[in-house]
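Undergrad: What follows is the residue order along each chain.
Protein chains: 2
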Amino acid sequence: MDTIKDYLGKNRERFLDELIQLLKIPSISADPAFKKDMLTAAEAVKKSLLDAGCDLVEVCETPGHPVVFAEKIKDKDLPTVLVYGHYDVQPPDPLDLWDSPPFEPVIKKTKIHPEGAIFARGACDDKGQMFMHVKAMEYMTQNDVLPCNVKFMIEGEEEVGSAHLDWFIKENKDRLSNDVILISDTGMISREAPSITTGLRGLSYVEVEVTGPNRDLHSGLYGGAVANPLNILSQMIASLTDENNHITIPGFYDKVEQLSDEERSKMAEAPFNLEEYKKKLDIEDVYGEKGYSTLERGSIRPTLDVNGMWGGYIGEGAKTVLPSKAHAKISMRLVPDQDWKEITELFKKHFESIAPKSVKVEVKPHHGGFPYVTPINTIGYQAASKAYEQTFGKTPIPQRSGGSIPIVTLFEKELKSKIILMGFGLDTDAIHSPNEHFGVWNYLKGIETIPWFYKYFTEMSK
Amino acid sequence: MDTIKDYLGKNRERFLDELIQLLKIPSISADPAFKKDMLTAAEAVKKSLLDAGCDLVEVCETPGHPVVFAEKIKDKDLPTVLVYGHYDVQPPDPLDLWDSPPFEPVIKKTKIHPEGAIFARGACDDKGQMFMHVKAMEYMTQNDVLPCNVKFMIEGEEEVGSAHLDWFIKENKDRLSNDVILISDTGMISREAPSITTGLRGLSYVEVEVTGPNRDLHSGLYGGAVANPLNILSQMIASLTDENNHITIPGFYDKVEQLSDEERSKMAEAPFNLEEYKKKLDIEDVYGEKGYSTLERGSIRPTLDVNGMWGGYIGEGAKTVLPSKAHAKISMRLVPDQDWKEITELFKKHFESIAPKSVKVEVKPHHGGFPYVTPINTIGYQAASKAYEQTFGKTPIPQRSGGSIPIVTLFEKELKSKIILMGFGLDTDAIHSPNEHFGVWNYLKGIETIPWFYKYFTEMSK
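Taken in sequence, the protein lines are chains P and A.
Mind the numbering: the first sequence is residues 1 to 462 in the UniProt record's numbering, read in order.
Mind the numbering: the second sequence is residues 1 to 462 in the UniProt record's numbering, read in order.
Worth flagging that the hints you see were computed from the coordinates, not collected in a lab.
Be careful, since some hints might not be right.
Any copy, or any two copies together, can satisfy a pair, since identical chains are not distinguished.
[What the hints assert, rightly or not] Derived pair list, reagent style SDA-like, types lysine to any residue, alpha-carbon separation capped at 20 Å:
(1) K279 <-> K360
(2) K279 <-> D17
(3) K36 <-> G393
(4) K418 <-> D2
(5) K111 <-> N214
(6) K279 <-> D77
(7) K280 <-> K357
(8) K109 <-> I20
(9) K290 <-> P356
(10) K255 <-> V373
Could you put together the complete structure from these sequences and hints?
TA: Written out as structure tokens, the structure reads:
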């Protein structure tokens with residue numbers, strides 16, 4: 001019987017190559033043009049799970065993109081781990097900022113990844129991290145060391161708000177029953193400071209449209225006399241934050257959990273170098289809510305970001321147009337105990353109320369999710385912590401992340417089990433950005449750590 | 001000998017068809033992809049001027065798009081009219097808002113144009129209006145009633161700020177010598193209320209770029225902690241106007257001419273129906289600088305309009321990105337005695353000064369032009385007024401327009417002659433917008449009116 005280290009040594013190249021093949025499929029869930037590629041990706045995931053030793057694997061239809069479900073049931077009396085991940089990826093644009101095409105993966109060395117990193121859309125988020133679980137499964141079945149039952153639920157709509165996962169879970173509650181849910185779709189602080197995510201921010205994502213005149217106008221003839229939707233939208237967006245970068249939507253902060261001084265000083269102990277942070281981003285200064293540190297602004301405080309904005313003439317050269325419409329995509333990251341549906345309503349009501357009479361405003365909610373905080377005194381967390389100690393030689397730091405996996409609160413509510421967020425990516429991996437990548441070291445370290453989690457979780461569950 | 005009315009009766013269909021052929025050429029000066037089409041259009045204009053009876057016609061190279069120059073010199077002692085126009089057009093986008101393709105002209109009846117209007121990019125601005133002069137010339141030479149010398153200067157860069165016309169005029173001063181400059185590149189109030197433009201606003205057009213982090217970031221991990229260029233740009237743009245819609249750039253109003261109460265009450269006599277104006281644009285209310293009427297806001301007051309804005313994810317669906325960059329195209333319409341170069345400098349300095357330390361800002365001036373006001377006690381204006389009386393049966397109203405023809409002040413400065421702005425378009429012709437059109441009635445009325453101007457101008461110059 002091989003240890004996981006032996007097995008990794010023997011299969012390193014194949015593990016990399018298999019991931020690269022998966023990364024070549026442009027499974028962009030947001031764009032209907034890639035619907036066929038979504039199916040191709042789902043089938044590829046299905047095959048990999050069969051190869052990894054699952055007994056039953058199924059590409060399950062949903063009203064949107066399919067979910068890949070798989071399981072290996074050893075014994076009904078043993079505990080069951082449910083692995084969640086996603087095979088869809090973010091749109092890759094702006095394409096011109098990629099050093100190599102997003103769906104032609106290449107391995108390149110970087111300062112942070114001296115062993116090389118795989119550059120491709122989805123390398124880290126989430127194909128690479130999801131595939132660690134497939135390969136860990138392969139190791140355990142091939143070497144007959146799988147200590148418990150395993151289920152996989154790999155969806156294709158995470159990047160579009162898990163539009164139909166709610167439906168899928170409710171339809172398949174019994175089939176998905178489990179004792180713990182394991183997800184690798186977050187990051188860790190660094191190689192030297194491994195961490196486990198214990199909190200996620202919630203999300204409310206909306207799209208707004210401001211309409212002025214019924215057609216684009218000549219800005220010379222009408223400028224100054226007719227409301228310009230771009231000027232108005234800028235003013236409306238600007239008014240959503242005050243001079244201290246507090247969000248001005250009435251009621252927005254009502255349910256925000258206030259951390260105790262003790263909790264805040266504990267947070268402040270996490271390794272963080274502000275100068276290095278600014279240098280990496282090439283910014284002269286950070287920017288955010290008054291009274292909070294950068295780490296706090298990015299994790300325990302809610303935000304309001306414009307994710308996209310457009311209107312008027314955006315081509316080469318000059319066009320003197322007073323546009324009929326202006327658009328923005330705006331997202332708010334939420335923290336406990338904000339309710340995303342309530343926040344979406346508050347936003348809509350407020351945004352409509354601040355529009356001058358000269359324009360019409362439409363607010364379209366996209367999707368959202370609740371914030372999530374997981375306790376660290378559970379068997380699942382303790383098993384994960386011991387697994388990291390085994391492979392990193394250090395106790396991982398529990399850390400609240402600024403990101404969102406909107407679906408986690410649903411998991412807890414519907415499936416009644418705790419979620420363990422074992423993420424192996426780094427902040428610098430440029431997920432959702434051009435040149436997304438995932439360190440080869442991180443990928444292999446993930447595969448190495450996961451079987452230890454199964455072992456400890458099964459032992460501790462007895 | 002035919003009267004102009006007879007000649008129009010016989011040649012109506014041909015005059016329409018020839019314009020339609022010219023409108024089929026996509027001569028978009030702003031976009032380098034259409035360079036070849038620009039040459040095709042220049043050659044077509046050349047041919048039309050030769051056919052109209054000019055003795056000498058030349059497509060003159062410039063460092064940019066060429067200028068078509070033509071002349072017919074009858075007698076050096078007779079006065080000379082210089083006709084200025086342009087064969088380039090605005091970019092047609094957004095294409096999906098056109099009811100028919102912008103370069104496939106169609107004639108359709110509208111409420112305002114019961115005889116039909118030609119729908120095409122450039123129909124009114126300025127191919128249609130420029131071509132009226134070509135056809136009026138044809139009538140005068142064919143019927144031997146041309147009373148004076150004529151020169152044509154038809155450029156290809158008006159929609160990109162007449163980038164090289166300055167150079168061309170300085171290089172060809174003698175050749176361009178004239179007694180009056182005639183331009184049809186403006187509008188009139190209505191069929192029932194013909195008007196001659198006596199003032200134009202100036203222009204300063206700039207493009208701004210706000211850069212935050214050196215790459216697009218995940219808005220969950222960085223949102224709230226790093227300046228978002230789209231939020232910042234919105235705030236910066238919003239701060240450029242105050243609660244009364246005054247522009248806040250220091251020094252911006254210093255040189256703005258204040259009209260006397262008498263002048264303002266005279267302006268207020270121009271026919272204008274606010275309810276109809278709002279209805280046509282489908283807006284609930286107008287919007288503009290406090291203390292000024294809609295007509296004033298659109299003509300005697302300076303403005304600041306965002307003509308285009310973009311950044312982040314603007315595709316289908318949602319992407320939670322904190323973009324690295326945000327962009328805007330901003331234009332200011334200027335009034336006497338604002339200096340566009342000075343205003344551009346004031347803008348740049350102010351805009352850079354209001355940027356927070358967390359972002360970098362770049363301001364790129366595009367182009368500009370001085371505001372212009374023409375006196376009405378000149379022979380040129382009087383001749384034009386008499387020509388309108390002849391064909392409209394009414395004395396035209398002198399009117400200051402909100403638009404800009406940046407080059408007119410240069411004409412006056414370099415060529416030492418007055419400019420007459422005989423425009424036959426209507427406000428509703430949607431120039432610079434989707435579904436630009438030019439009334440068949442207006443086109444023919446222009447051709448009918450122009451020869452009368454030549455006649456009266458020559459007579460009054462004796």
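Undergrad: Kindly indicate which numbered hints from before are broken by the structure, ordering the numbers from low to high.
TA: Per hint list: 2, 3, 4, 6 violated.
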